[in-house]
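Enquirer: Chains as they are written, first to last, in the numbering used here: chain H, 1 to 246; chain F, 1 to 255.
Incorrect hints may appear among the rest.
Claimed, not checked - Computed list of lysine to aspartate or glutamate pairs in EDC-like fashion (alpha-carbon distance at most 20 Å, straight line):
id : chain 1 : residue 1 : chain 2 : residue 2
1  : H       : Lys167    : H       : Asp119
2  : F       : Lys24     : H       : Glu99
3  : F       : Lys24     : H       : Asp102
4  : H       : Lys133    : H       : Glu99
5  : H       : Lys167    : H       : Glu194
6  : F       : Lys24     : H       : Asp119
7  : H       : Lys167    : H       : Glu122
8  : H       : Lys133    : H       : Glu177
9  : H       : Lys167    : H       : Asp102
10 : H       : Lys133    : H       : Glu122
11 : H       : Lys133    : F       : Asp29
12 : H       : Lys133    : H       : Asp102
No lab work stands behind these hints: they were computed from the structure.
In this text the structure is predicted, and so the values were computed from the model without any measurement.
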Amino acid sequence: MNNAEPAILADNLAKSYRSTRAVVDVSLRVEVGEAVGVVGANGAGKTTTVEMIAGLRVPDRGWVRVLGLDPRRDRARLRQVLGVQLQQAYLHHALRVTELVDLYRSFYPDPRPTDELLDMVELTEQRRTSFDKLSGGQQQRLSIALAIAGRPRVVILDELTTGLDPKARRRMWNTVEQLRSDGVSVLLVSHTMEEVERLCDRVAVLDGGRVIALDTPAGLVARAGTATLDDAFVALTGRQLEEEPA
Amino acid sequence: MSTLVEARRPGIRSLVTLIGCEAKMVVRDTAGLVVPLCLPLLIMLTSASSASRTTVDNGRTALDLYVLPLVFTMVIAIIGIINMPSFLAYYRRSGILRRLGVTPASPAMVLAAQAIVSVLQALVGITAALVVAFLAFGANPPANLGTALGVVALAMAAMYSTGMIVAAVAPSPNSAVAIGLVAFFILGALGGMFGGRDSLPEPLAEVGGWLPFGAAVEALSAAWAGATVPAAHLIGLGATIVVGAVVAGVLFRWE
Numbered sequence: 001m002n003n004a005e006p007a008i009l010a011d012n013l014a015k016s017y018r019s020t021r022a023v024v025d026v027s028l029r030v031e032v033g034e035a036v037g038v039v040g041a042n043g044a045g046k047t048t049t050v051e052m053i054a055g056l057r058v059p060d061r062g063w064v065r066v067l068g069l070d071p072r073r074d075r076a077r078l079r080q081v082l083g084v085q086l087q088q089a090y091l092h093h094a095l096r097v098t099e100l101v102d103l104y105r106s107f108y109p110d111p112r113p114t115d116e117l118l119d120m121v122e123l124t125e126q127r128r129t130s131f132d133k134l135s136g137g138q139q140q141r142l143s144i145a146l147a148i149a150g151r152p153r154v155v156i157l158d159e160l161t162t163g164l165d166p167k168a169r170r171r172m173w174n175t176v177e178q179l180r181s182d183g184v185s186v187l188l189v190s191h192t193m194e195e196v197e198r199l200c201d202r203v204a205v206l207d208g209g210r211v212i213a214l215d216t217p218a219g220l221v222a223r224a225g226t227a228t229l230d231d232a233f234v235a236l237t238g239r240q241l242e243e244e245p246a
Numbered sequence: 001m002s003t004l005v006e007a008r009r010p011g012i013r014s015l016v017t018l019i020g021c022e023a024k025m026v027v028r029d030t031a032g033l034v035v036p037l038c039l040p041l042l043i044m045l046t047s048a049s050s051a052s053r054t055t056v057d058n059g060r061t062a063l064d065l066y067v068l069p070l071v072f073t074m075v076i077a078i079i080g081i082i083n084m085p086s087f088l089a090y091y092r093r094s095g096i097l098r099r100l101g102v103t104p105a106s107p108a109m110v111l112a113a114q115a116i117v118s119v120l121q122a123l124v125g126i127t128a129a130l131v132v133a134f135l136a137f138g139a140n141p142p143a144n145l146g147t148a149l150g151v152v153a154l155a156m157a158a159m160y161s162t163g164m165i166v167a168a169v170a171p172s173p174n175s176a177v178a179i180g181l182v183a184f185f186i187l188g189a190l191g192g193m194f195g196g197r198d199s200l201p202e203p204l205a206e207v208g209g210w211l212p213f214g215a216a217v218e219a220l221s222a223a224w225a226g227a228t229v230p231a232a233h234l235i236g237l238g239a240t241i242v243v244g245a246v247v248a249g250v251l252f253r254w255e
């Protein structure tokens, strides 16, 4: 792989669903080893943007490269190096935690060991519990374990800690920091300013399907002339940032 | 742009793991196993006693030539046309296929695992019916075992191909069951499930012999009797496989 290539490069993305323009114009660049947060109010276009980057949706306009790979044309190669945690955990409901982990591990040539993954997301005690018996937070943590099972070089985390209690939230932050220390590039969609401030090098603020600001957390605060990133978001978008219910 | 990432599809180990997971899902869904395994058995039990005493041809009884082919075809059809599509539709509706879509697992791998698990279910159902028929009613083995096995394999492929069309067009698990049931009863009615095809109007009986249910029943019956399987039935089963594969290939979607 050419290390000069960015981890993620999205240019001029646009996507509409019938008459609704979900994404109007999004350009984004995530360098290798960098963590970039994506924040925005509900309906700002965050999830559609990451779904286009992950190859789950075809942009109406614009293009995406992940480590130089086209998500649609180079699907098989991209799936080897990209880990995706979707906003909701969609898994076989009757399978147990270890069965799901072993299934997803089997898709990759050099997966992380099952015990290591369960330890990272603190689900060792639930290893024999079926997916539908897990709490929402545990399901979320399992979803993250599956996203990183194949030792991805780039991970997309959509609503990483939505619905988690503060303790579980901090545990997930530790997991992301561990990934970053391994050199993994991260695109993190979040509703929590504290989260992006702690985990991300830069933050893209989406509003109305456009990137209206992209800077370091400190840079955004300085640009908005506010005391906190929360206030900076409100000043930049004119909206409150509300966490979606779990 | 250049890249050194190798396009490596998950291999046989991954497929075996996926098959194991699909099998566990099926076994843990106990209710889903009752209809395909028990209903045909029940139908056999209601008619086997008298059918086993009626010799028809070549030392074979009505049980061998009519009831068992019908029961085997029902097992295969229920699993292929109703159960498998409803599982796939559930996977699509619940987002499981979407989640798998962001892994190296290919759609073909998921479909292959479902088909293999369905074959295993059908083999369990057929074996259970055979054991009961042999032990309780003195059923005879097929005069041409190789042909019978070949027809069973062909019938499975044809029914699963039909089921893949159902899975491809059904927007929800409930609609998959509804479409599958309608398809099952139409194919079954035209294929002699509610009485012999000779009781149908001639054009319908003719069509039923080409469609997968009727073709499978007739071909199995011929194999049990040791007769040559009419080409029309084999062509009907083969054509169903091709049409199902093409239609499902075009229409099947992850979401």
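Enquirer: Next step is simple, just say for each hint if it's right about the structure.
Expert: Each hint, compared with the structure:
| no. | hint | result |
| --- | --- | --- |
| 1 | H:Lys167 to H:Asp119 | holds, 15 Å |
| 2 | F:Lys24 to H:Glu99 | holds, 10 Å |
| 3 | F:Lys24 to H:Asp102 | holds, 14 Å |
| 4 | H:Lys133 to H:Glu99 | holds, 14 Å |
| 5 | H:Lys167 to H:Glu194 | holds, 14 Å |
| 6 | F:Lys24 to H:Asp119 | violated, 25 Å |
| 7 | H:Lys167 to H:Glu122 | holds, 12 Å |
| 8 | H:Lys133 to H:Glu177 | violated, 28 Å |
| 9 | H:Lys167 to H:Asp102 | violated, 27 Å |
| 10 | H:Lys133 to H:Glu122 | holds, 16 Å |
| 11 | H:Lys133 to F:Asp29 | holds, 15 Å |
| 12 | H:Lys133 to H:Asp102 | holds, 18 Å |
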